Amino acid sequence: MAGEAEISEIFRAESGRAVATLARRFGDLDIAEDAVQEAFVEALRRWPGSGTPPSPAGWIITTAKNRAIDRLRRESQRAEKQEAGMLTLDDEPDEIEVVPDDQLRLIFTCCHPALGVASQIALTLRLIAGLQTEEIARAFVVPETTMAQRLVRAKKKIKVARIPYRIPGEAELPNRLPSVLAVVYLIYNEGHTATSGEDLGRPDVAREAMRLSRLLAELMPDEPEVIGLLALLLLTESRREARTRPDGELIRLGEQDRTLWDRELIEEGNALLAVCLRRNRPGPYQLQAAIAAVHVNAARAEDTDWQQIVRLYDRLYALTPTPIVALNRAIALAETGNVEDALATVDDLELDGYHLYHATRGHFLDLLGHTEEADHAYARAIELTTNETERRHLQRLREVTDRGRTA
Amino acid sequence: MSQYLLSVYYVDGEEPLSDDVVEQMYADVDKLNNKMKEQGVMLFGGGLHTPDMATVVRSETGNIVMTDGPFPEAKEQIGGFWIIEAPDLDAALDWAAQATVACRGPVEVRPFQDEPEA
Numbered sequence: 001m002a003g004e005a006e007i008s009e010i011f012r013a014e015s016g017r018a019v020a021t022l023a024r025r026f027g028d029l030d031i032a033e034d035a036v037q038e039a040f041v042e043a044l045r046r047w048p049g050s051g052t053p054p055s056p057a058g059w060i061i062t063t064a065k066n067r068a069i070d071r072l073r074r075e076s077q078r079a080e081k082q083e084a085g086m087l088t089l090d091d092e093p094d095e096i097e098v099v100p101d102d103q104l105r106l107i108f109t110c111c112h113p114a115l116g117v118a119s120q121i122a123l124t125l126r127l128i129a130g131l132q133t134e135e136i137a138r139a140f141v142v143p144e145t146t147m148a149q150r151l152v153r154a155k156k157k158i159k160v161a162r163i164p165y166r167i168p169g170e171a172e173l174p175n176r177l178p179s180v181l182a183v184v185y186l187i188y189n190e191g192h193t194a195t196s197g198e199d200l201g202r203p204d205v206a207r208e209a210m211r212l213s214r215l216l217a218e219l220m221p222d223e224p225e226v227i228g229l230l231a232l233l234l235l236t237e238s239r240r241e242a243r244t245r246p247d248g249e250l251i252r253l254g255e256q257d258r259t260l261w262d263r264e265l266i267e268e269g270n271a272l273l274a275v276c277l278r279r280n281r282p283g284p285y286q287l288q289a290a291i292a293a294v295h296v297n298a299a300r301a302e303d304t305d306w307q308q309i310v311r312l313y314d315r316l317y318a319l320t321p322t323p324i325v326a327l328n329r330a331i332a333l334a335e336t337g338n339v340e341d342a343l344a345t346v347d348d349l350e351l352d353g354y355h356l357y358h359a360t361r362g363h364f365l366d367l368l369g370h371t372e373e374a375d376h377a378y379a380r381a382i383e384l385t386t387n388e389t390e391r392r393h394l395q396r397l398r399e400v401t402d403r404g405r406t407a
Numbered sequence: 001m002s003q004y005l006l007s008v009y010y011v012d013g014e015e016p017l018s019d020d021v022v023e024q025m026y027a028d029v030d031k032l033n034n035k036m037k038e039q040g041v042m043l044f045g046g047g048l049h050t051p052d053m054a055t056v057v058r059s060e061t062g063n064i065v066m067t068d069g070p071f072p073e074a075k076e077q078i079g080g081f082w083i084i085e086a087p088d089l090d091a092a093l094d095w096a097a098q099a100t101v102a103c104r105g106p107v108e109v110r111p112f113q114d115e116p117e118a
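Heads up: the sequence lines are chains Y and P, in that order.
Our numbering numbers the first residue of the first sequence as 1 and each following residue consecutively.
Our numbering numbers the first residue of the second sequence as 1 and each following residue consecutively.
Some hints could be false.
Mimicking DSS-like on lysine-lysine, the simulated pairs with C-alpha atoms at most 30 Å apart in a straight line are [as the list claims (entries may be wrong)]: (1) P:Lys-37 - Y:Lys-157; (2) Y:Lys-159 - P:Lys-37; (3) P:Lys-31 - P:Lys-75; (4) P:Lys-31 - Y:Lys-156; (5) P:Lys-35 - Y:Lys-159; (6) P:Lys-35 - Y:Lys-157.
The set of hints was computed from the structure by calculation and includes no laboratory data.
Owing to the predicted nature of the structure, the values given are computational and were not obtained by experimental measurement.
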């Protein structure tokens, strides 16, 4: 017998494909989405009694298709004539061809740069990952009504501005792919270290991001950055268990129990990284994955090849010269023993509103024995962080620094 | 086909372009206009006089009132616009990309409400 949780799981796995297929069939995202949603409600009503059908995906698509036709028939006489021929198919296996390209089309529509990033994320989680609006609102800590309005507005824009339902051509792809990858990466980041709240991360959100990343890798196996992103997420995720103590407190990379790292994820990440690097078209995600690989492939913290990490950050900075990359490079540089230069680089960065900037400065200043300045920097970091677990961690670092000062 | 308004904005009070640049801008816009016409994309378009040449007309409790000057007090003002016909937003954005290069100013793309007869 199918329980609600199991049906939700099936729905998440199948709804993206169903919405994508129906969007092509009916040329309207709202009709597609509403119909798939109705099919899900129908599944919740029927399956617990009748059992899960042999092909749940086919059942959802067929049911949704019939719902969409019903709706069109209700809404317009003209539609009735047009669709009349299809109405005999009620419980037949569906005749809508399911093509993987439909999903890719829908992904590029959801992540179109004419939509704001917040809308891209919301649409992707709703239409591709099959999350309910309430779940997305919870993941991003906004009221459900706000999230619902965001989705309505985004779908309206797709419709009225005619954002095409199309996979970008070879020439456009370099401009369009980064926003797709960024959406998945941002979702993962929210799952890895939540913007606010008590817990460090939200494992369920991270899981959705990995599922999306796997889907992209399946749909675009020849794009090295797509594979690079999946490798990055797997290698980062492999450390999840070791990142927090049983009481939820944060443990820094250097102090983590490496036996807790997930070897399976590491091996898969390593293998994917090797595959994409062989194509010799490095990009920001492949380089970040390479950096993550250097970390997880060190048996002990002191075995970490920091020189190699600095070199990788140099290459990353050449591609994406952002202050955040410069900050991370400085952290690696300090680990090679060159704390003075690291501090000098960091002092030049304009990242005053970023808590980890001040935490990093505090750490460098502490290493160099400037404990009073270190204390100020930690105070600023604590003031800026919105994640409770991170805040407590920074408070502990500050206390250690202060003890060093008074000792 | 959908219709889009492509409006070119400029910021009031910003350093004016040099004469050479203005001349080149007119030449570039001309070229783009011709290209749009050749491809049957452009329904209408043109450059506008400065906002201080504008007059606002409104109805206040039955009386028609006029005021000298532009309606929005914003720093950003429309300098000119095109109305184009394009199959989808990507096509409209592609024209907007050419327009912003030609005009040296940001271009807003807005879809028209009414769908023209197919």
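Quick rundown of the hints versus the structure:
Straight-line distance between C-alpha atoms of Lys-37 (chain P) and Lys-157 (chain Y) comes to about 27 Å, which keeps the hinted pair within the 30 Å bound. A hinted pair counts as satisfied when its Cα atoms are at most 30 Å apart, and Lys-159 (chain Y) with Lys-37 (chain P) qualifies at roughly 27 Å. Restraint check: the Cα-Cα separation between Lys-31 (chain P) and Lys-75 (chain P) comes to about 29 Å, which is no more than 30 Å; the hinted pair holds. Restraint check: the Cα-Cα separation between Lys-31 (chain P) and Lys-156 (chain Y) comes to about 34 Å, which exceeds 30 Å; the hinted pair is violated.
Note on Lys-35 (chain P) and Lys-159 (chain Y): the hinted pairing holds, with a Cα-Cα distance of about 28 Å set against a maximum of 30 Å. For the hint pairing Lys-35 (chain P) with Lys-157 (chain Y), the CA-to-CA distance comes to about 28 Å; that is within 30 Å, so the pair holds.
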